[in-house]
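J.: Please build the complex by placing chains B, C and D on the supplied structure of chain A, with the hints as guidance.
Below are the chains, spelled out letter by letter.
Protein chains: 4
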Amino acid sequence: MSKDVKIVTIGGGSSYTPELVEGFIKRYDSLPVRELWLVDIPEGQEKLETVGGLAKRMIKEAGLPIDVHLTLDRREALKDADFVTTQLRVGLLEARAKDERIPLKYGVIGQETNGPGGLFKGLRTIPVILDIVKDMEELCPNAWLINFTNPAGMVTEAVLRHSDWKKIIGLCNVPVGMKMGIADQLGVDPERIQIDFAGLNHMIYGLNVYLDGEIYTDQYIEKIASGDVSSGTMRNIVDLKWEPDFLKALQAIPCPYHRYYYKTSEMFEEESKAAAEEGTRAEVVQKLEKDLFELYKDEDLTIKPPQLEERGGAYYSDAACSLIDSIYNDRRDIQPVNTINNGAIASIPDDSAVEINSVITKEGPKPIAIGDLPVATRGLVQQIKSFERVAAEAAVTGNYQTALLAMTINPLVPSDIIAKEILDEMLKAHQEYLPQFQNN
Amino acid sequence: MSKDVKIVTIGGGSSYTPELVEGFIKRYDSLPVRELWLVDIPEGQEKLETVGGLAKRMIKEAGLPIDVHLTLDRREALKDADFVTTQLRVGLLEARAKDERIPLKYGVIGQETNGPGGLFKGLRTIPVILDIVKDMEELCPNAWLINFTNPAGMVTEAVLRHSDWKKIIGLCNVPVGMKMGIADQLGVDPERIQIDFAGLNHMIYGLNVYLDGEIYTDQYIEKIASGDVSSGTMRNIVDLKWEPDFLKALQAIPCPYHRYYYKTSEMFEEESKAAAEEGTRAEVVQKLEKDLFELYKDEDLTIKPPQLEERGGAYYSDAACSLIDSIYNDRRDIQPVNTINNGAIASIPDDSAVEINSVITKEGPKPIAIGDLPVATRGLVQQIKSFERVAAEAAVTGNYQTALLAMTINPLVPSDIIAKEILDEMLKAHQEYLPQFQNN
Amino acid sequence: MSKDVKIVTIGGGSSYTPELVEGFIKRYDSLPVRELWLVDIPEGQEKLETVGGLAKRMIKEAGLPIDVHLTLDRREALKDADFVTTQLRVGLLEARAKDERIPLKYGVIGQETNGPGGLFKGLRTIPVILDIVKDMEELCPNAWLINFTNPAGMVTEAVLRHSDWKKIIGLCNVPVGMKMGIADQLGVDPERIQIDFAGLNHMIYGLNVYLDGEIYTDQYIEKIASGDVSSGTMRNIVDLKWEPDFLKALQAIPCPYHRYYYKTSEMFEEESKAAAEEGTRAEVVQKLEKDLFELYKDEDLTIKPPQLEERGGAYYSDAACSLIDSIYNDRRDIQPVNTINNGAIASIPDDSAVEINSVITKEGPKPIAIGDLPVATRGLVQQIKSFERVAAEAAVTGNYQTALLAMTINPLVPSDIIAKEILDEMLKAHQEYLPQFQNN
Amino acid sequence: MSKDVKIVTIGGGSSYTPELVEGFIKRYDSLPVRELWLVDIPEGQEKLETVGGLAKRMIKEAGLPIDVHLTLDRREALKDADFVTTQLRVGLLEARAKDERIPLKYGVIGQETNGPGGLFKGLRTIPVILDIVKDMEELCPNAWLINFTNPAGMVTEAVLRHSDWKKIIGLCNVPVGMKMGIADQLGVDPERIQIDFAGLNHMIYGLNVYLDGEIYTDQYIEKIASGDVSSGTMRNIVDLKWEPDFLKALQAIPCPYHRYYYKTSEMFEEESKAAAEEGTRAEVVQKLEKDLFELYKDEDLTIKPPQLEERGGAYYSDAACSLIDSIYNDRRDIQPVNTINNGAIASIPDDSAVEINSVITKEGPKPIAIGDLPVATRGLVQQIKSFERVAAEAAVTGNYQTALLAMTINPLVPSDIIAKEILDEMLKAHQEYLPQFQNN
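Chains as they are written, first to last, in our numbering: chain A, 419 to 858; chain B, 419 to 858; chain C, 419 to 858; chain D, 419 to 858.
Chain A with its partners taken away, still in its complex shape (with noise of 0.2 Å):
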């Protein structure tokens, strides 16, 4: 690896860019970004352009000699990087509002990540992950690849199980946020807090949680079970309260998306209810984006505005910049990263994408081995596993069956027949980013 550090950004036009240069600046003595490059498409040139022109006045106030670079020429970028991080969005918002809105219609969670949203997703996505990766293999094959694009579990299993490319990690700021959030809620310094988080991308569970090293987890389930605490959430999910007993007896912390698949009924009530007044968290999401990008645009702006904590994406910025960083430096440090299982969870494959506690070195994250989830966990967790694996099959092969398969066996579907009517729809909607599914 060479000294100075070259940073891709794919989908560099993003709302989140402002989080990773704030990122890079905070860090820049352990780690010496020289290039950022930001890469986007034509019809994301003028976010580009905004955001590239924040990055810019931000590195400039900082007085670092950081090199913004702004591109549409994805190759020319990828040439020699050390990191290529993965932030873009097949279709843009537009295309999560139907991920989200069509399955309401036929009274089912979109879930733009494990629904059949994030199948669509996953159909639209994969397929340009496994293009760049292909660029990769070829312009900057020592290059590691940070996905943050969801779906994160899906895709990492994508990359994993349908290319040759190993060097991919994929990174969600659900565990991050559950450890600030329980830190939050007991008042303590984040730093005392630790968890031990097994499972996949947005089904992840905190095993135990640590209180200056010694387990805290039944005092904090205890906690969350009075109501002393909330059990917490992020930004984009209801805080719908768990059923103490439920808690108790599961003996694990679930994460804020679990809500989806423990809480099914009531999230759908939620969900409805927010469609048809504020609007889908993609339609929120819109708003918010326009405005931030009217900050962006302040010239007189030279940081990361507060507003970006509203967006959602809080602490992926700590989450990306600690993960490049401790790879860079080889700080042998513990992150929770989405990343090859190699037995570290006894009921998943061995060669499966799993979300661990690793030890992150400059050859890469090592799983720590957990044994086995919790029994009452195992099924569930497997359930998505199941779906993650045909949807990437199905991104790949774009096969209907397969897509249809995958729609079936997710758990917010109800039915073989509800999933082919939420499938044609949304296939059809999505037709122009789905070009494998052409000669279904």
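Keep in mind that the hints are not guaranteed to be accurate.
Claimed, not checked - Derived list of chain A stretches under chain D, where covered just means 3 residues or more per stretch with a C-beta under 8 Å from a C-beta of chain D:
| no. | segment |
| --- | --- |
| 1 | 521-535 |
| 2 | 606-612 |
| 3 | 761-774 |
| 4 | 843-854 |
As the list claims (entries may be wrong) - Simulated pairs of lysine-lysine, DSBU-like, Cα-Cα distance not exceeding 35 Å:
| no. | chain 1 | residue 1 | chain 2 | residue 2 |
| --- | --- | --- | --- | --- |
| 5 | B | K659 | B | K838 |
| 6 | B | K715 | A | K516 |
| 7 | B | K421 | A | K838 |
| 8 | C | K444 | C | K585 |
| 9 | B | K838 | A | K659 |
| 10 | B | K838 | A | K641 |
Stated by the list, open to error - So the derived list for chain C, only partly shown, Cβ under 7 Å to chain D, looks like this:
| no. | residue |
| --- | --- |
| 11 | G797 |
| 12 | L823 |
| 13 | I835 |
| 14 | Q849 |
| 15 | Y851 |
Think of the hints as simulated: they come from the structure by calculation, not from any bench. All residues carry an ideal CB built from backbone N, CA and C; glycine is no exception.
T.: Relative to the frame of chain A, chains B, C and D by itself:
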């Protein structure tokens, strides 16, 4: 094993008993049953005498030296038994009716085997079976326990995991019913059909169908998909059609009970309608049984009446007597049974019960290794296995939270809150049969 | 499969062929062989004609319409075959003699299957088998390859791992020999004995012995330990007694070849003495074969001569013809064969070859899951599996270092330095049969 | 955990103790040891007082408030301990000398850890450790047991499998010695070297070596192969060179003890020669220890004398004190220790002890998943694991046959007959320390 065989049937007053008696009569040459003990509880004495009378007349008609004993004293019956079959029903059909009706009120299918109803059937039944096992350890330690009592998978899991008794086999008529159904649909002798069965009880797949030893799976699926043949079902499950493309992608033959999971919303509609009209299955069966027992009382009846098949237990006799015969004679033929996995299915723990094609020997069933289930099916199967394990633990411990956990993770139950509502109402409704929960 | 069966036997000029022919004659009613093609190489033409002549006379004597074809053109023979059996010997018995003699010079047993000799037999044989497989893919893609050629475990592993051909079964007469030996020792009909076989080729254990379906393992071990019965061996392995306390603790029946590993020093003494006196096994067999071929030439001979049993291949005919018959007729009976593990033995990788009791169907063998081997045996079995895998890789790649690794990890070889000495001398001695190593 | 740390060292009269004391002194700021209890048996009282005196002087010289207690009352010492370290030697060096000498008479290396000598060291030691564990359950249930006593792998396995105590960590100086040796050979600071350690105690491999975080394995192997650097060994193992081509093919760094298995014949020669000349290692150490204790008696000595390094325990202090410090401070750094596998190495059972890089937390070590060991190494590793398990069972049960089985399956022992001869002589020689075998 003594040359003369002693069979003990617990729940001997069941309407199914004439099936068994017919099976023993047919196989007498190779399986010389000398004593048949029908055991029941005081509440069942009248039925026991009715059924016992018919059994005696059937045997007399056949001219065989089989002694039929009717008793309420289980321990007397068990002494030196060779095979013990269990077909008991704690709380009788009244309890089953509650298992089916109460969940419907909350928008949830009851499903008396793998659903919320099955959870309660397990909670009532498992302690009784574990008591029987304790008696067997003392009174007939060399006997085999052949359990027909539902939920047969959960009961087998409970005995394997919560007792030291290893000589248990769970038996179900679903696989043989699938085989007969396929033969019937194809218009061929059932002998010409072979099926690679693997999965769990009421969650079993035909991984491959063979006609005359050659793989016929795709052709058979094609026939179902094109509507040439029915996908097959059982007396108690409405024959909703599979979505053809789903079936083709699944690349395995689901069992009739899979409709509850792959067609949840349609099945809920059907069950609700039935409950409102002709009554739930339990209520229908109550009427059928009443008629059957009237028939049984007829002193001129000396054979199994054909009306019994309506009852839904078709092939139980064949399955059970074949199994006992193969054990007794060390036939080493292949039968699908519930037994310890031992690595036969990779994604199920080695020490859990599975329902799988096994070689039947005098030393018990030896499962045939399949590698693993198709990817798409693993999650659902593992989810039911998690449910069975947590439910079995709740049955043994009487722990309320554990029961709530089992209810919540059941794939038919849409949330922790609804789970608690159903649980609470059912615990109350069944309280006389759930002494282990009295302290909660 | 065509109704008339076409068998191709590669290495048809082998002295074993009359065994096979006898087997096909005996089973003609259920296995209607219409064509038997005996294939050999130019150096074997004379033997091929001698054996072929006897085969034709045997069939004529039996009055059966089986056409025997003798040919040096393998591809002509393979066209549309139903079963291909391989019993070839690259380098003939001269090569085997070297496999046995060279290691002895270094204080090491040669052991032509799992020892240093076996490594070289594998290096010579595997490329030839992979060539045959390539022809089969083209000329008879539906045929089964039944491989008798040693080292049968390593060859099966090599085909499974280094080709796309899955329809291979490795066959050995050791298990059937053990069964016959036990029946003989106990003075009972072999039909009354069943054995749970599991392990690897020439490294197989009888995990349990049954007499009339009841476990008889301890009694049988007791009989061996007390000297009441012989522990049994084969024509080619001297019958050294097992240490009784070792056998009782092992709680499994070792196969005759296990003497090489559990009695290495005594076996080395025996083999050294034999080499100095009557000659190594290859040298003895060379003489036996010469005599056999003299017999075969006798135009009046129309049956398999009884002297063939001295040769050591007893029961090969039965094993091979039974296997082919069970596949052809989809018998679903149990036979011990070398096939893919698929989870049947926990401590062997799922995708490796094992030798194990399997249900034999028209679609191939389905191994019966045993859970795991006894703890005490796992290491040795895994060591031979590691050896087989590394040896197979060396055979395919012709990599010198890989061959040295295989030699060094073989449990009979006491050091890396001695391994290199043996390897170097044997590579030179066999160089004409090891073209893949010419570039080293 | 109390803020002030109480350490109990069983076998406190060992010559190693000053290493430990030095370690605690160095780390006092982060690991505030307040009490150090040195426990020994009556036969060791004199040494205990000598070593204890030195310990007190060292602490006084350092000016630290650590109380050193010398006692023969183990139970008094254990009360409320935080960490218990075990470095006892049942039968003292006299017993080790027998472990080494007796097998040599039969042509077999004794090897006091994984060989026949190790079997006997295990038989003597395991019951004592299990007694200590029983005391700990009662007197200090929250303490960690850090076991240095060899055979450390077998002892860890025995405690995990034959007691309910889970808070045991087995510790060995081999991995740290390998790291230090490599750094020394390369002339770099040890901080710059990282090694992926995995395997079993004294059977551990460096799967990869990193220099400054980048993989350096091939270059390092190349350097050893070319003779540029030594392959490294320990004070007690002669530095026989690895065959370069073997090493290159192995693609992993063996540990010094691997010479016993990959160079058995040469090691036997060396050990025989040593036994005939300067004496076995035990005999050499006896002399060294005598000299050391003379030094320790010097009232002017207030530091660890440099001669202690000759003794062979280099880095034990660092390894042990680092481990305790990381647990105490929840450092979550990576250290190679003996702990439960939990799926980290696929071909070792999940519930067995392995020696592997682990993240060290206040709640104990968490092994880092490696997938599996290289194919070529699995058999030998599994063989030692089988040996350890059978040996542990023999130690607990005192069963003669089980002990014979352990001896026979040890890879250094060439036959069941020789195994019995060695076993019988050793059982007699050590009988006073093997009360569990008195009834055989």
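J.: Now tell me if each hint is right for this structure.
T.: For each hint, the structure was consulted:
1. 521-535: violated (count 0)
2. 606-612: violated (count 1)
3. 761-774: holds (count 5)
4. 843-854: violated (count 0)
5. B:K659 with B:K838: The hint holds at about 33 Å.
6. B:K715 with A:K516: Distance ~65 Å between K715 of chain B and K516 of chain A Cα, so the pair is violated.
7. B:K421 with A:K838: violated, 58 Å
8. C:K444 with C:K585: The hint holds at about 25 Å.
9. B:K838 with A:K659: Measuring from Cα to Cα gives roughly 14 Å; hence the hint holds.
10. B:K838 with A:K641: OK: K838 of chain B and K641 of chain A at ~20 Å, within 35 Å.
11. G797: holds, 3 Å
12. L823: holds, 4 Å
13. I835: Holds, because the Cβ-Cβ distance from I835 of chain C to chain D comes to roughly 6 Å (cut-off 7 Å).
14. Q849: violated, 18 Å
15. Y851: Nearest chain D Cβ about 22 Å off; hint violated.
Checked against the numbered hints given earlier, this structure breaks hints 1, 2, 4, 6, 7, 14, 15; the rest are met.
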